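Protein sequence lines, in the order shown, are assigned to chains W and C. Numbering-wise (the working numbering), the first sequence opens with residue 1 and increments by one. Numbering-wise (the working numbering), the second sequence opens with residue 279 and increments by one.
Hint data in this document are derived by calculation from the structure and do not stem from the laboratory. No experiment lies behind these values; they were computed from the predicted model shown. Each hint should be verified, as a subset may be incorrect.
As the list claims (entries may be wrong) - Away from chain C, derived, C-beta distances all over 12 angstroms, residues of chain W:
#, residue
1, T79
2, H99
3, D142
4, S277
Said to hold, decoys possible - If we take Cβ atoms under 7 angstroms as the criterion, some of the chain C residues that face chain W in the derived model are:
#, residue
5, A316
6, E340
7, F360
8, G363
9, P365
10, H381
11, D386
12, D407
13, P408
14, R420
15, M423
Glycine residues also receive a C-beta, built at the ideal position from the N, C-alpha and C atoms.
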Amino acid sequence: MGKVWLAVLLAALGLAPGRALAQGCGDDDSGSSDSCPVAWSYDDDDDSSGSSEEEVCVETSDVVGLQRCRRFGRGWDVTGVPALRLSLAGNARRARVGHLSFRGQAEHHNETHALGDAGRDLHDADLLTGGLTARLDLTIFDYVSVGGEVSFAGASVSGAPRTDGALVHTPTSVSFLGGGLVLGAGIPVDVFTIRPELFLGGRAVLLSSETRVGDCVESTLSDTAEWVVEPRIAVEWFVGPWTGLSVFVGTNVLVPGEVNAGVQLSLHARSYDAAPSR
Amino acid sequence: MPLCVCWFFGTGSSFFGSRGPRSSPNVSPVRASKGRLAVCASFLAAAWLVGCGGGYGGMVSEPGALRLSDACLDLEVTPRPFDAGLPRPMPVLGLRIGNRCAHPVAVDLRALEVTADVGGRLAPLRPYDPRGELGAALLDGRATMEERIAWEPPVTAEHVSRVCVRFGGAPACLDLEG
Numbered sequence: 001m002g003k004v005w006l007a008v009l010l011a012a013l014g015l016a017p018g019r020a021l022a023q024g025c026g027d028d029d030s031g032s033s034d035s036c037p038v039a040w041s042y043d044d045d046d047d048s049s050g051s052s053e054e055e056v057c058v059e060t061s062d063v064v065g066l067q068r069c070r071r072f073g074r075g076w077d078v079t080g081v082p083a084l085r086l087s088l089a090g091n092a093r094r095a096r097v098g099h100l101s102f103r104g105q106a107e108h109h110n111e112t113h114a115l116g117d118a119g120r121d122l123h124d125a126d127l128l129t130g131g132l133t134a135r136l137d138l139t140i141f142d143y144v145s146v147g148g149e150v151s152f153a154g155a156s157v158s159g160a161p162r163t164d165g166a167l168v169h170t171p172t173s174v175s176f177l178g179g180g181l182v183l184g185a186g187i188p189v190d191v192f193t194i195r196p197e198l199f200l201g202g203r204a205v206l207l208s209s210e211t212r213v214g215d216c217v218e219s220t221l222s223d224t225a226e227w228v229v230e231p232r233i234a235v236e237w238f239v240g241p242w243t244g245l246s247v248f249v250g251t252n253v254l255v256p257g258e259v260n261a262g263v264q265l266s267l268h269a270r271s272y273d274a275a276p277s278r
Numbered sequence: 279m280p281l282c283v284c285w286f287f288g289t290g291s292s293f294f295g296s297r298g299p300r301s302s303p304n305v306s307p308v309r310a311s312k313g314r315l316a317v318c319a320s321f322l323a324a325a326w327l328v329g330c331g332g333g334y335g336g337m338v339s340e341p342g343a344l345r346l347s348d349a350c351l352d353l354e355v356t357p358r359p360f361d362a363g364l365p366r367p368m369p370v371l372g373l374r375i376g377n378r379c380a381h382p383v384a385v386d387l388r389a390l391e392v393t394a395d396v397g398g399r400l401a402p403l404r405p406y407d408p409r410g411e412l413g414a415a416l417l418d419g420r421a422t423m424e425e426r427i428a429w430e431p432p433v434t435a436e437h438v439s440r441v442c443v444r445f446g447g448a449p450a451c452l453d454l455e456g
């Protein structure tokens, strides 16, 4: 035990003198800094910074064959560049939730209450939702494209408060989280491209409710999921070779009467989607 | 189109602000519409900047440049100063190509017919390409490219004062300085 304390003491002493000396040096205005055991620090990245300087290529000529930093075609040769299209859309959807059954749980006073809501119990089961959609498409075989899409939308809802024992819950909003594949074709017509498309995917539908047990009020989510098969037609207007604005409309064939329409901004890796003729 | 975009943002506002302006007594309709207008303007400005920021629409030729065209491509040939890194004297030409078509076009500068007037006779020049870089490349629709290429005259030619380029039609010639 005594040895342990000694070791601790020695270790402390081993650190302490250096600290004391350093402080002493700082206080000594006239002393020579050479004699001070200052813990000099060095930049360990010297080697890496030196090598990064070497990596910076300095161009010596503009003439092909003499250039050190670039090869012929760099910056303009699009051989092998895929015709990718990145899009962001704002859309409005006439969504129908009357056929859905939501399941969830509410926690009140350390008790779990099961929630079950039917979409038809909402005051308005035909909702007008607003949302955003992000897409990435790849054009293959010149006029055919495949892509992936994720979307997020929501709407406020209302419904009569439902009482389930001591639990009272009131629906407040519905959110949709969707994703899937989009198969499409592009038919170029001057600066426009007409796109018949088919979306195949699914979506999670989240119903937010206010639940209340006595004076305890909580926000609670109940959810469900469903498939979406949505044929669409879109018209893209190329405002520039690499940028397009589209309007589209589609309908979910699995939920009759559901309509989706929106405006989409697309950035193209290849001008006009690299269509061989236009 | 702007109406469509603005209509979307009007609809989306009910989503972004859980209840929307209708049930937000603190937001006056005038203020909400101004905000919407600002978002619309930003969106359209961004689309315009990105969309109109590129695309070949025609070439403004440099003085003394040679201008040739075919069905899709505009070619501008400009004499450039000799590069000291070249193994021997040879004319250096700046080549600028713009694609007027909306579809990609193959560009093969090895196939470009360049000749030099050597003592009254036309001698073919070949591109200086020690690394074998020149090959068939693809120029995107409405895109432009620019390269500077040295053209190697026959070893018997001491000085090249005039080069001729054939691109699609009849050859056109260019006097070189010096």
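Checklist entry - Looking at W/S277 again, its CB stays over 12 angstroms from all of chain C? => result W/S277 is in fact no farther than 12 angstroms from some Cβ atom of chain C, at 6 angstroms.
Checklist entry - Holds or violated: C/H381 as interface residue toward chain W, Cβ cutoff 7 angstroms? => result Holds: closest Cβ of chain W sits about 5 angstroms from C/H381, inside 7 angstroms.
Item to check | Nearest-CB test (12 angstroms) between chain C and W/T79 | outcome: Check fails; 5 angstroms does not lie beyond 12 angstroms.
Checklist entry - With a cut-off of 7 angstroms, does the beta carbon of C/P365 approach a beta carbon of chain W closely enough for the hint to hold? => result Interface hint status for C/P365: violated (10 angstroms vs cutoff 7 angstroms).
Item to check | Agreement of hint C/D386 with chain W interface, Cβ distance less than 7 angstroms | outcome: Nearest chain W Cβ about 11 angstroms off; hint violated.
Checklist entry - Beyond 12 angstroms from chain C, beta-carbon-wise, is W/H99? => result At about 22 angstroms from chain C, W/H99 clears the 12 angstroms cut-off, so the statement holds.
Item to check | Outside-interface status for W/D142 - nearest CB in chain C farther than 12 angstroms | outcome: At about 10 angstroms from chain C, W/D142 fails to clear the 12 angstroms cut-off, so the statement is violated.
Item to check | Interface restraint verdict for C/P408 against chain W (beta-carbon cut-off 7 angstroms) | outcome: 5 angstroms, holds
Checklist entry - Should the interface hint for C/M423 be scored as holding, given a Cβ-Cβ cut-off of 7 angstroms against chain W? => result 4 angstroms, holds
Item to check | Status of the hint placing C/E340 at chain W (closest C-beta pair under 7 angstroms) | outcome: 15 angstroms, violated
Checklist entry - Given C/R420 was flagged as interface, is its beta-carbon under 7 angstroms from a beta-carbon of chain W? => result This interface hint holds because 4 angstroms falls under the 7 angstroms limit.
Checklist entry - Would the hint on C/A316 stand, with a C-beta cut-off of 7 angstroms toward chain W? => result With Cβ-Cβ at 15 angstroms, over 7 angstroms, it is violated.
The earlier numbered hints that this structure contradicts are 1, 3, 4, 5, 6, 7, 9, 11.
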